[in-house]
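Q: Next come the chains, spelled out residue by residue.
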Amino acid sequence: MKPKTIRIRAIGFLALLTAVIQLLSPVFTPKNEPGSILDEPVNSLDYLVIGDSECYTSISPMELWKSCGFAGYDCGVSAQRIQDAYYQLEKTLRRQTPKVILLETNLIFRNRGLRQETVTAFDHYVGNAVGLYEYHNNWKQLIAVGSAAALRQSVFKGMRYRTGASPYTGGAYMAGTDKKQPIGEVQEIYLDKIAGLCREKNIRLVLYSVPSPRNWNQKKHNSVAEYARQNKLTFLDLNLIADKLGIDWSKDTYDRGDHLNFSGAQKVTSYIGSYLSDRIGLPDHRGEAAYSAWDRDLGAYLKSTGQAA
Amino acid sequence: MQYVSLLYLLAFLPLVLLLYRLLPQRRRWRLLLAASYVFFFLMSKQLIFYLFFSAISIHGIGLWLDACDAAAARAEGEAAEAARLACAQKKKRILCYGVVLHIGLLVLLKYAPFFGQNLNALLLKLPLPVQLPELSLGVPVGISFFSLQAVSYISDVYHRRIRADDNLGRLALFLAFFPVVVEGPICRYSDTAQTLYEGKPLEYENVTFGIQRMVWGLFKKLVIADRLNILVEKIFTNYRDYSGIVVLLGAVCYTLQLYADFSGCIDLTIGTAEMFGVTVPENFRQPFFSRTASEFWRRWHITLGTWFKDYLFYPLSLTKHVKKIGREARKKLGRHLGQAAQVFLPLLAVWVCNGLWHGAGWNYLFFGLYYFILILLGNLWEPAAAGIAKFLHLNREGFLWRAMQTVKMAAIVVTGELFFRANGLRAGFSMFRSIFTGWSAAVLRNGALMKLGLDGYDFAAAAIGLVFVLAVDILHENGISVRRETAELSLPIRWSIYLAAILLVVIFGAYGTGYLPVDPLYAGF
Numbered sequence: 001m002k003p004k005t006i007r008i009r010a011i012g013f014l015a016l017l018t019a020v021i022q023l024l025s026p027v028f029t030p031k032n033e034p035g036s037i038l039d040e041p042v043n044s045l046d047y048l049v050i051g052d053s054e055c056y057t058s059i060s061p062m063e064l065w066k067s068c069g070f071a072g073y074d075c076g077v078s079a080q081r082i083q084d085a086y087y088q089l090e091k092t093l094r095r096q097t098p099k100v101i102l103l104e105t106n107l108i109f110r111n112r113g114l115r116q117e118t119v120t121a122f123d124h125y126v127g128n129a130v131g132l133y134e135y136h137n138n139w140k141q142l143i144a145v146g147s148a149a150a151l152r153q154s155v156f157k158g159m160r161y162r163t164g165a166s167p168y169t170g171g172a173y174m175a176g177t178d179k180k181q182p183i184g185e186v187q188e189i190y191l192d193k194i195a196g197l198c199r200e201k202n203i204r205l206v207l208y209s210v211p212s213p214r215n216w217n218q219k220k221h222n223s224v225a226e227y228a229r230q231n232k233l234t235f236l237d238l239n240l241i242a243d244k245l246g247i248d249w250s251k252d253t254y255d256r257g258d259h260l261n262f263s264g265a266q267k268v269t270s271y272i273g274s275y276l277s278d279r280i281g282l283p284d285h286r287g288e289a290a291y292s293a294w295d296r297d298l299g300a301y302l303k304s305t306g307q308a309a
Numbered sequence: 310m311q312y313v314s315l316l317y318l319l320a321f322l323p324l325v326l327l328l329y330r331l332l333p334q335r336r337r338w339r340l341l342l343a344a345s346y347v348f349f350f351l352m353s354k355q356l357i358f359y360l361f362f363s364a365i366s367i368h369g370i371g372l373w374l375d376a377c378d379a380a381a382a383r384a385e386g387e388a389a390e391a392a393r394l395a396c397a398q399k400k401k402r403i404l405c406y407g408v409v410l411h412i413g414l415l416v417l418l419k420y421a422p423f424f425g426q427n428l429n430a431l432l433l434k435l436p437l438p439v440q441l442p443e444l445s446l447g448v449p450v451g452i453s454f455f456s457l458q459a460v461s462y463i464s465d466v467y468h469r470r471i472r473a474d475d476n477l478g479r480l481a482l483f484l485a486f487f488p489v490v491v492e493g494p495i496c497r498y499s500d501t502a503q504t505l506y507e508g509k510p511l512e513y514e515n516v517t518f519g520i521q522r523m524v525w526g527l528f529k530k531l532v533i534a535d536r537l538n539i540l541v542e543k544i545f546t547n548y549r550d551y552s553g554i555v556v557l558l559g560a561v562c563y564t565l566q567l568y569a570d571f572s573g574c575i576d577l578t579i580g581t582a583e584m585f586g587v588t589v590p591e592n593f594r595q596p597f598f599s600r601t602a603s604e605f606w607r608r609w610h611i612t613l614g615t616w617f618k619d620y621l622f623y624p625l626s627l628t629k630h631v632k633k634i635g636r637e638a639r640k641k642l643g644r645h646l647g648q649a650a651q652v653f654l655p656l657l658a659v660w661v662c663n664g665l666w667h668g669a670g671w672n673y674l675f676f677g678l679y680y681f682i683l684i685l686l687g688n689l690w691e692p693a694a695a696g697i698a699k700f701l702h703l704n705r706e707g708f709l710w711r712a713m714q715t716v717k718m719a720a721i722v723v724t725g726e727l728f729f730r731a732n733g734l735r736a737g738f739s740m741f742r743s744i745f746t747g748w749s750a751a752v753l754r755n756g757a758l759m760k761l762g763l764d765g766y767d768f769a770a771a772a773i774g775l776v777f778v779l780a781v782d783i784l785h786e787n788g789i790s791v792r793r794e795t796a797e798l799s800l801p802i803r804w805s806i807y808l809a810a811i812l813l814v815v816i817f818g819a820y821g822t823g824y825l826p827v828d829p830l831y832a833g834f
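If you read the sequences in order, they're chains A and B.
Just so we're aligned: the first sequence equals residues 1 to 309 in this note's numbering.
Just so we're aligned: the second sequence equals residues 310 to 834 in this note's numbering.
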């Protein structure tokens, strides 16, 4: 084959590939798909919860709506890194103006080292420019649109409903020590970025740690507590008050102390509800016409969680 | 920088290809060497020293061995025989230095903590107040691979299969070539070094075939392996929470993950090398169609198996002591059992080393011994099996018999991989027992499988991906090259297939938000 033909074919194929990716990107880029935070009306949320799976198994926005009338969303993503949480938050804040952001701290310690994180940063920046790459995983939603599963997810407002119990029997795990588990360089940069973004948008950032013997310890607590102190942030380490919350490790975890189940999540949510009510003073939207969808969803939620009368 | 990262695929590799294309042919190997060292440095930082040291040492040892041969060849008359003997002795010593140096370094870096911990545990049981200090040195990525390549080079020079290379750069490139340095395949100098050095022009067929192979590798790694990783991690980390079908599912998924991950990364490796016109040996040949354990290892991680065969099994089998054992055993036990007795020790050495090569842990040693016993028993049983089949008029080449053997072999492989992946030997036994003790079909109905980190869509994507892999493996088993067949199609159809393949990887890959990047599994061995 002549070199000129090869060049023409190579350019032609790359052009075709680019065109197809550009055409498909809008299809995958989320707009208002059911079950997503982007489905919530603009500027309708009072608080957001961000983090990894510890986050989406610990706070139930619908419980908070039921007891306090706060509208919020649990944005937790399984095994999420803090970098991804930052970029996700940045995008979410283009549509929402919450007063509080609750950051679950487990993801701060998801650290793959400076070099690896630098390499993945390149992937992120390139990927960010291509909607299909960034949102490729939405193929699941594309298939599920209109299905019962999507509707069911939407009434949970991001929380994952987990029942069943597999007890944690390891005993006390918050041993008294002054040692610290260092926060990675990249993780601290992104923690600073999240704090900076919240300051810029006049949002109160609250760090909280879900009771999790498998993931948390005193060394991690000491590091985050120090960071919170230096940056004048509130840090609620619920591991220290698990007993006070009424966490029963024989019933409130579905995987031996890794994550809380729904029963555990209700206890944590109740505590967070009191905190948001007493210390932040979020408004109660129950009965407001603009929030009628929340009342409607509450019925479905109660039915799904077996709380309907 | 992983082979599946965008940094590698969209920046590093295209840049190297572009520069390679622009440089004159005689300088291209220098570019490949520089790119390989940059690639290695990005992953192992100052530990690059070990790679450099390996290159320098095999260069020196090779020339030293060559010098011995030259000195012996120069001797004439009566002195010739004495010189030849002296040369043989000296060469043997040099070979020993080289092997001890490289294998010693590998053992020191990779296994010192394991041996230290076990020795300390032993000392604790003795009335000796002695404990060895913990020795934990940095382990450069790929050391298990480039050390074996270094030893194979020295050994080949020793046996005069190849001439010693006086070009340090060519040897350094042979050890460090960036597509293979992380997880092989384990190359031989005679197959690879010259094609690396030649700086062949980029050819249309090589580049297109190379890209196709890379896309296939990405499909296996991203769509199947990294997706299954979530479930595998969950089950093996929290193995006490699971039993019965779930543990079995974990073992099966890990086996499939390992195959998709390792063979996928090898596809990326071979595809990259192919673009540069470099010959790299195949490492897999449809391993799950194997009918016996020894056949499985001729199809799985082929280059490791052949390395052990050529550089450990044969040299040990040909030692005086082992040959003597064989002779004695044949006299007393007959031909078949005598042969088995002769290969017993070399085979044991191979499988102990194979197990430990994969990692410093008792479960790896167990994994090696597991296959040792299976292969040994397979060899012993073979004449009896043939006799029984003949007596019963069973057709051992019939479809049904072959299918049964393949299923049996799959079960054996899955069992081995369970111990291989388990967090220690004790955990392996605990998981193996739990398969039988906690058997309940209820998990198939009560949604327990959906709590393992994968949803229904993930299971479907992984299953469809595996069907693709199975279909391609069947075609390859029947001697059909998918890439060659596709290349024969008309341009619109061909391009549609290529586009579809790329989009499948981009859309259904388990990467980005919600997925942690998974390092190539064999890079950790």
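Hints may be right or wrong, so weigh each one.
[Claimed, not checked] In silico DSS-like links for lysine-lysine, alpha-carbon gap of 30 Å or less: (1) A:Lys180 x B:Lys401; (2) A:Lys244 x A:Lys232; (3) B:Lys760 x A:Lys267; (4) A:Lys251 x B:Lys401.
Simulated from the structure, these hints should not be mistaken for laboratory data.
Computed from a predicted model, the values in this text were never measured in an experiment.
Q: Decide if the proposed pair is consistent with the structure: Lys251 of chain A and Lys401 of chain B, CA atoms, cutoff 30 Å inclusive.
A: 67 Å, violated
Q: Quick one, are Lys180 of chain A and Lys401 of chain B close enough, alpha carbons at most 30 Å?
A: At roughly 54 Å apart (the allowed maximum being 30 Å), Lys401 of chain B and Lys180 of chain A break the hint.
Q: Within 30 Å, alpha carbon to alpha carbon, are Lys760 of chain B and Lys267 of chain A?
A: 22 Å, holds
Q: Assess, step by step, whether the Cα of Lys244 of chain A is no farther than 30 Å from the Cα of Lys232 of chain A, and give holds or violated.
A: Distance ~25 Å between Lys244 of chain A and Lys232 of chain A Cα, so the pair holds.
Checked against the numbered hints above, the structure violates hints 1, 4; every other hint is satisfied.
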